Amino acid sequence: MSTILSVNQLTKKFGYLTAVKDLSFSIEKGHVYGILGPNGSGKSTTLGIVLNVVNRTDGDFEWFDGSSTTHEALKRVGAIIERPNFYPYMTAVQNLKLVCKIKEVGEEKIEEKLELVGLLDRKDSKFRTYSLGMKQRLAIASALLNDPEILILDEPTNGLDPQGIHQIREIIKKIASQGTTILLASHLLDEVEKVCSHVIILRKGEKLYSGRVDGLLASHGFFELKTHDLDKLKTYLEKHASFGQIKLENGHITAFLKEEMDAGKLNKTLFDQGIVLSHLVKRKESLEEQFLTLTKNQSN
Amino acid sequence: MTRLLQIEFIKLWNNRASKILILSYFVLLSSIALVAAVKFDIGPIKFHLAEQGIFNFPYIWHFNAFITAFFKLFLAIVIVSMMANEYSNKTIKQNLIDGLSKKEFILSKFLTVISFALASTVFVFVVSLILGLIYSDFNEIGIIFSGLEFLLAFFVKLVGFFSFCLFLGILVKRSAFALGFLILWQVFETFVRGIIRWRFFDGETTDFVMGFFPLNAMWNLIKEPFSRLSAVQTAVNQMGEEIVLNYHVHWYEILIVLAWTAIFIYGSYALLKKRDL
Numbered sequence: 001m002s003t004i005l006s007v008n009q010l011t012k013k014f015g016y017l018t019a020v021k022d023l024s025f026s027i028e029k030g031h032v033y034g035i036l037g038p039n040g041s042g043k044s045t046t047l048g049i050v051l052n053v054v055n056r057t058d059g060d061f062e063w064f065d066g067s068s069t070t071h072e073a074l075k076r077v078g079a080i081i082e083r084p085n086f087y088p089y090m091t092a093v094q095n096l097k098l099v100c101k102i103k104e105v106g107e108e109k110i111e112e113k114l115e116l117v118g119l120l121d122r123k124d125s126k127f128r129t130y131s132l133g134m135k136q137r138l139a140i141a142s143a144l145l146n147d148p149e150i151l152i153l154d155e156p157t158n159g160l161d162p163q164g165i166h167q168i169r170e171i172i173k174k175i176a177s178q179g180t181t182i183l184l185a186s187h188l189l190d191e192v193e194k195v196c197s198h199v200i201i202l203r204k205g206e207k208l209y210s211g212r213v214d215g216l217l218a219s220h221g222f223f224e225l226k227t228h229d230l231d232k233l234k235t236y237l238e239k240h241a242s243f244g245q246i247k248l249e250n251g252h253i254t255a256f257l258k259e260e261m262d263a264g265k266l267n268k269t270l271f272d273q274g275i276v277l278s279h280l281v282k283r284k285e286s287l288e289e290q291f292l293t294l295t296k297n298q299s300n
Numbered sequence: 301m302t303r304l305l306q307i308e309f310i311k312l313w314n315n316r317a318s319k320i321l322i323l324s325y326f327v328l329l330s331s332i333a334l335v336a337a338v339k340f341d342i343g344p345i346k347f348h349l350a351e352q353g354i355f356n357f358p359y360i361w362h363f364n365a366f367i368t369a370f371f372k373l374f375l376a377i378v379i380v381s382m383m384a385n386e387y388s389n390k391t392i393k394q395n396l397i398d399g400l401s402k403k404e405f406i407l408s409k410f411l412t413v414i415s416f417a418l419a420s421t422v423f424v425f426v427v428s429l430i431l432g433l434i435y436s437d438f439n440e441i442g443i444i445f446s447g448l449e450f451l452l453a454f455f456v457k458l459v460g461f462f463s464f465c466l467f468l469g470i471l472v473k474r475s476a477f478a479l480g481f482l483i484l485w486q487v488f489e490t491f492v493r494g495i496i497r498w499r500f501f502d503g504e505t506t507d508f509v510m511g512f513f514p515l516n517a518m519w520n521l522i523k524e525p526f527s528r529l530s531a532v533q534t535a536v537n538q539m540g541e542e543i544v545l546n547y548h549v550h551w552y553e554i555l556i557v558l559a560w561t562a563i564f565i566y567g568s569y570a571l572l573k574k575r576d577l
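For the protein sequence lines, the chains are A and B, in the order given. Numbered according to the working numbering, the first sequence spans residues 1 to 300. Numbered according to the working numbering, the second sequence spans residues 301 to 577.
Calculated from the structure, these hints are not laboratory results. Each hint should be verified, as a subset may be incorrect.
[Said to hold, decoys possible] When the alpha-carbon atoms are kept at most 20 Å apart in a straight line, the in silico PhoX-like pairs for lysine-lysine are as follows:
1) LYS282/A with LYS247/A
2) LYS573/B with LYS97/A
3) LYS232/A with LYS194/A
4) LYS226/A with LYS268/A
5) LYS390/B with LYS75/A
6) LYS97/A with LYS319/B
7) LYS393/B with LYS135/A
8) LYS234/A with LYS265/A
9) LYS573/B with LYS13/A
10) LYS135/A with LYS390/B
[Said to hold, decoys possible] Estimated spans, in silico, between C-beta atoms of each pair:
11) THR57/A with ALA570/B: 16 to 26 Å
12) PHE512/B with GLY15/A: 30 to 40 Å
13) THR293/A with GLY567/B: 50 to 60 Å
14) LYS319/B with GLY66/A: 42 to 52 Å
Predicted, not measured: the structure shown is a model, and the values here were computed from it. Where a beta carbon is used, it is the ideal one built from N, C-alpha and C, also for glycine.
Excised from the complex, chain B in its bound form (with noise of 0.2 Å):
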């Protein structure tokens, strides 16, 4: 296993644009710890974001795994190449006549996606337990650790969407057009949705089924944060209306994105097996 993720790593390491891809991902990841640096101070109105709560246990956790999420766009591009350019350079017809197999050389993949998952887990896990600590108002032990679910849900969502991204990679061949392509996934899925809205269900039910595609159930892991903020409650209170809040993370919700990884992952290998290079 080690060896195949050096594999991978001397691929990626080797290669400039991968090489900053990766590292402007990690900076663009702690850059989060920048929103606390917003603060207008205008005359009469002083706005200062850190202190809206945003950086309080156990909420810091699910508002800096909902922003960090958008960066995975960034490593997409990373991974889709990492896949699309073994096609184009034809590497990786030498490396299985080399003598790797084609279930290693899918391995090797899947094994560097679920660690740049892993790794940017632990980055925001870090960056919000030292943002948390600082501006945090509660400090007990079970309150920081409590929610740690949302990291869980964020793990999931990456390795998810990562395996997509490597699935786009073999089927298209070509990176341009594998990003493309997961684009016009998306419009699709807007569509599909819009479609069903339309023609067949009411609002929940459609919710229900869009539940079942990859990105809406890669989507649907962390729900958006804000209308969990004190502030954006009280303003809401005082319109007369009432927000349902249902910002949990659900156990089926977890199991679709992972029954797409294992599809998505199986498929590759199943397109790698069958088609002669």
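Looking at chain A on its own, in the form it has when it is part of the complex (with noise of 0.2 Å):
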């Protein structure tokens, strides 16, 4: 497995505030990454630190090994960041060879990119033409026209409406299926949830978590329950030895596992005991919830 980006103790200070603080990762080749965390808490100003607009304080990274220098290396990468940048008087077409220039790759795939993110029949229009969902698109078109190793995209749909994150997302999912590794900042968890395969969590420039989606809590999910009695279903479980946390809510009980338990068991076990469940669900927690707990956890 090849390292495309290794960060080590990258630090970021704007004046008094620090931005990033000692912030160590690698990415490598094949994942869907995610990098989580809430608004100013230094996506960012990583991803402009990596990509060369912000200058770090302290720490390095390294590109592809070290094998190229960062600009070098860029070429063979493919970002998006806020919002697209391009010049709004010349047209999508213009402004796509502009970047071939730039990434010094021929200008052969420019429309088969176009057609990728489905502009093909506006490339003639001047870039200050295009609906906000059209300019990221072609943002994305313009990342994708090198064939990139890496591509990295930050709040790839922000502003835009639901239609038009319906069109990002499944353009993302198309890219990612086709093996390219793929680096996603944003807050919106559900996102990342659905494409992501790893997540880095900041929270005021800190990591909190980096590795597998999967490992993200060392939890073992939680039944959602219902039944005739509900008293009596809430004290056998927190009498039982594998349930921590029960609660009641809207007519069910939700009860968190400390260990791993088959659903099918558990049923089994309640039937003996004279409860007869109406309602059971074995779920895991979304990574919205798991990320509200870590972010807890840590604040405490």
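Assembling the complex is the task here: the two chains are given apart, and the hints tell you how they should meet.
Okay, structure coming up:
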């Protein structure tokens, strides 16, 4: 497995404010990474540093095992930061030709990439006539011109309407399925949950977690249970060693597991106890719930 | 290097405002030829400007270099806005993300400046050569190609001035404010001259000190050509005055402007490097 990007104890200070603090992580080829964090947690600053537009205060980073300089490495990267930046007076094709010149790649991929993002019929319109969704899609096309080894997206669906969000997500999924490494920064957790296999979680510039999405919390999930005698069920579960917190809300019981337990086994045990369930679901916490738990734990 | 120039060319040539300004600049450069058409023919007074000796070799190099240098303001607008627009469109950020290094970015702008200056110089050379061949009283090869140091001074003057504009564009980031700053700087230099002359030195020393200020240094490169005209000299002589002529291009003046150019370009690079985008 080759390392595409490794970041080592990176620190960025804006005056008194520390935007990124001692951040270390590495990006391996072939995974889809999400950088998660609330607004102002240092996501964009981190990406800005590795993309050569923000100066670091301390620490270092390395593209492709340090085999080339940063700006040479960036020619093998595709990146979109915040809002799409193009020359407003130039058409889509003219803008992309310029990007080809900068990246030193041929112009033959322009049509193909415009097709991919569905802008082929508007290719000769000036950039300033585009809607936000189209601008964002043009930015993706531009980032893909060099068939990058890694695609970096910073809040790609920010400010888009539901249709636009859906289109961008479909494009990202399509690209991910072709085996391109993706680094996606977002504060929209369901977005990350849908496409990412790994996450890096930041809060106030510090790393809270990095690793696989499913390893985020050492959790065994929880049961949602319903029966006609909820109190009896609750009393029983509270005595059971496998369960931690038990919550009774909205007419059903949520019981969090402390150790692995099969849903069928629980059903049988309860039936033997004379409790007949009318509703039984075993679930894992969503990324959002895990994220909130994690950030809450850290702030205590 | 061609790649960097091509990048800049795509950016400039697709911008309608820049295109119009560049084209009108070159049209204006050739309009110097229209001077030849200035002709008064009112009864007994016959005056034909072209026959007053302004198109004589080698004087024409001096005259045309001096006059056409005023048109550089057109390109100054183009250069300031090509720099400031990169900031307001945030395309500078995208350029860097796409893999242009900060050094390459500045270099591409500087190469454009050099190209503009070079194209202007060649243009003025060709126009002057044609005008001279038509109107000059002297047509020996040796005379035609003497005095070409004025074109060198013209080139250096443009490079220096455009580099200043480039630097202001990066420093101020807004084209209108950068141009305003340029005018303000001119006022500032005049003001400093006044203070120095009034409080500290005599005329000669003031000129010497002012020669180190950027705009003054650029102005010094090509002195006004009018007192060189034989008609003017005759007139002055008749009034019993003597003009001390010192119209030559001096090597140290070129050096000062080149030093400023280096400072402006390096300053632009240092600013870009230091700033977070």
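(message) Just to be careful, I want the Cα atoms of LYS573/B and LYS13/A compared with a cutoff of 20 Å; is the pair within it?
(response) 16 Å, holds
(message) Holds or violated: LYS135/A and LYS390/B, Cα atoms, limit 20 Å.
(response) Between LYS135/A and LYS390/B the Cα gap is close to 14 Å, so the pair holds against 20 Å.
(request) Given the hint that LYS573/B pairs with LYS97/A, test it: the Cα-Cα distance must not exceed 20 Å. (result) This hinted pair is violated, its Cα atoms lying about 26 Å apart.
(message) Need the status of pair LYS282/A, LYS247/A: alpha-carbon distance at most 20 Å?
(response) 15 Å, holds
(request) With 16 to 26 Å as the target window, see if THR57/A and ALA570/B comply at their CB atoms. (result) Holds: the Cβ-Cβ distance is about 18 Å, inside 16 to 26 Å.
(message) So if I understand the rule, the pair passes when the alpha-carbon distance is 20 Å or less; does LYS97/A with LYS319/B pass?
(response) 19 Å, holds
(request) Assess, step by step, whether the Cα of LYS232/A is no farther than 20 Å from the Cα of LYS194/A, and give holds or violated. (result) 38 Å, violated
(request) Mind checking the hinted window 42 to 52 Å against the Cβ distance between LYS319/B and GLY66/A? (result) Distance hint for LYS319/B, GLY66/A holds at roughly 43 Å.
(message) Just to be sure I understand the hint, the distance between the Cβ atoms of THR293/A and GLY567/B should be within 50 to 60 Å; is that true here?
(response) Roughly 52 Å apart at Cβ, these two residues keep to the hinted range, so it holds.
(request) Starting from LYS226/A, check that the Cα of LYS268/A is at most 20 Å away, please. (result) 15 Å, holds
(request) For the pair we were handed, LYS234/A and LYS265/A, check the Cα-Cα distance against 20 Å. (result) Holds, because 17 Å separates the two Cα atoms, which is no more than 20 Å.
(request) Would you mind confirming whether the straight-line C-alpha gap from LYS390/B to LYS75/A stays at or under 20 Å? (result) 19 Å, holds
Hint compliance for this structure: hints 2 and 3 are broken, all remaining hints hold.
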